[in-house]
Amino acid sequence: MTDQSVTSSLLSSLYWIKHLNDSNWLGWKHQVKAIMFEKGIEGYVEGTVPKPTQGDTDIAKWEMQDCKVQTVIELSIYDSQMIHLAGATMAKEMWDQLKIVKES
Numbered sequence: 001m002t003d004q005s006v007t008s009s010l011l012s013s014l015y016w017i018k019h020l021n022d023s024n025w026l027g028w029k030h031q032v033k034a035i036m037f038e039k040g041i042e043g044y045v046e047g048t049v050p051k052p053t054q055g056d057t058d059i060a061k062w063e064m065q066d067c068k069v070q071t072v073i074e075l076s077i078y079d080s081q082m083i084h085l086a087g088a089t090m091a092k093e094m095w096d097q098l099k100i101v102k103e104s
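FYI, the numbering for the sequence shown is 1 to 104, going by my numbering.
Any given hint could turn out to be false.
Heads up, simulated BS3-like pairs for lysine-lysine below, C-alpha to C-alpha not over 25 Å straight-line [said to hold, decoys possible]:
1) 29 - 51
2) 51 - 99
3) 61 - 18
4) 102 - 33
5) 18 - 29
6) 68 - 99
7) 33 - 61
8) 39 - 61
9) 51 - 33
10) 18 - 51
Hints listed in this document are in silico derivations from the structure and should not be mistaken for laboratory results.
Take the sequences, apply the hints, and build the full model.
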């Protein structure tokens, strides 16, 4: 493991944010995006890293990274908010569904 990956891993384990609830969307959104930025995975919710087409050799890597983003989202929201993720199969879908509910 390189020094950079050790440092990144240690930083990631130091985060503590309040889970998403009915009233903390704005702060939660900024904190979660900061975590994603530090991990280099924010493009999956911003839509700047689109899913490769079937047969593309990069699809397995994309799916693994997308699962990491989904994990960040799922582990930082209360169970009562999980309903807003229903049916989402990609991180961007999860993020967009949360935005629709919380920003409308």
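Verification of the supplied hints:
The suggested pairing of residue 29 with residue 51 holds, with an alpha-carbon distance near 22 Å, which does not exceed 25 Å. Distance check on the hinted pair: residue 51 and residue 99 sit about 20 Å apart at the alpha-carbon level, within 25 Å; holds. Taking the CA atoms of residue 61 and residue 18, the gap is near 30 Å; set against the 25 Å cutoff, the hint is violated. Distance check on the hinted pair: residue 102 and residue 33 sit about 15 Å apart at the alpha-carbon level, within 25 Å; holds.
Using a Cα cut-off of 25 Å, the hinted pair residue 18 and residue 29 holds, with the two alpha carbons roughly 11 Å apart. Between the alpha carbons of residue 68 and residue 99 the distance comes to roughly 19 Å, so the proposed pair stays at or under 25 Å and holds. Taken as a hint, the residue 33 and residue 61 pair is honoured in the structure, with Cα atoms around 21 Å apart against an allowance of 25 Å. The suggested pairing of residue 39 with residue 61 holds, with an alpha-carbon distance near 15 Å, which does not exceed 25 Å.
At roughly 19 Å between alpha-carbon atoms, residue 51 and residue 33 fall within 25 Å of each other, so this suggested pair holds. Annotation: proposed proximity of residue 18 to residue 51 is violated, straight-line Cα distance about 30 Å (limit 25 Å).
Taken one by one, the earlier hints fail for this structure at numbers 3, 10, listed in ascending order.
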